[in-house]
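Counting from 607, one number per residue, gives the positions in the sequence shown under my numbering.
Calculated directly from the structure, the hints in this document are not laboratory data. Hints should not be assumed to be uniformly reliable.
What the hints assert, rightly or not - Listed next, with one range per pair, are the computed distances between beta-carbon atoms:
hint, residue 1, residue 2, range
1, D693, G717, 13 to 21 Å
2, I648, P683, 53 to 61 Å
3, K697, V653, 39 to 47 Å
4, R685, K710, 17 to 25 Å
5, S703, N736, 45 to 53 Å
6, N711, Q689, 20 to 28 Å
7, K697, L644, 48 to 56 Å
All C-beta atoms, glycine included, are put in the ideal place defined by N, C-alpha and C.
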Amino acid sequence: MNILDRKTLFTVLLLAILSYALGHFVLVNSQIDPALLLALGIVIGGVASAFASSTGNTGSDNSTSVETTTLYVGNLPYRANEQVVRDLFEKKGRVFSVRLLKDKNTGKRRGFGFVEMPEPDALKAINELNESEFQQRTLKVREAKQKQESLTTNDQD
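Construct the entire structure; sequences and hints are all you get.
Laid out in structure tokens, this is it:
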């Protein structure tokens with residue numbers, strides 16, 4: 607359960623307790639129809655829940671506001687899998703994704719891959735893991751180059 611779900615659940619529970627207390631202690635002798643009170647409680651709960659959800663979304667959400675960097679990781683041992691590489695890089699910071707490339711024909715790992723991390727953590731990983739030994743191999747860690755777009759339109763000039 608994420609933090610937004612917990613906040614919404616807490617809000618609904620708080621409203622239920624307050625509604626019970628209000629109904630039990632204050633409105634016990636009133637002439638208000640119980641169905642009307644139920645409808646009013648549902649409307650108030652819906653509005654409060656929507657308010658709690660909208661205030662949760664305006665806060666700083668790290669997953670969308672963080673600048674990411676994709677790292678090239680070369681000279682990986684062929685037996686290394688995504689989880690092992692993730693564990694290695696998580697010691698240096700937060701890891702968003704790990705992709706190890708495989709040969710299309712054989713399905714065997716090709717010995718390199720890509721790790722996506724927040725920019726400050728990526729710089730730390732480059733500094734600390736490049737040229738370091740990992741499972742008896744010397745890793746090559748650097749910022750990945752972006753794929754080049756087709757230059758066919760530029761070649762016609």
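- Query: Hint by hint, which ones does this structure get wrong, listed from lowest number up?
  - Reply: 5
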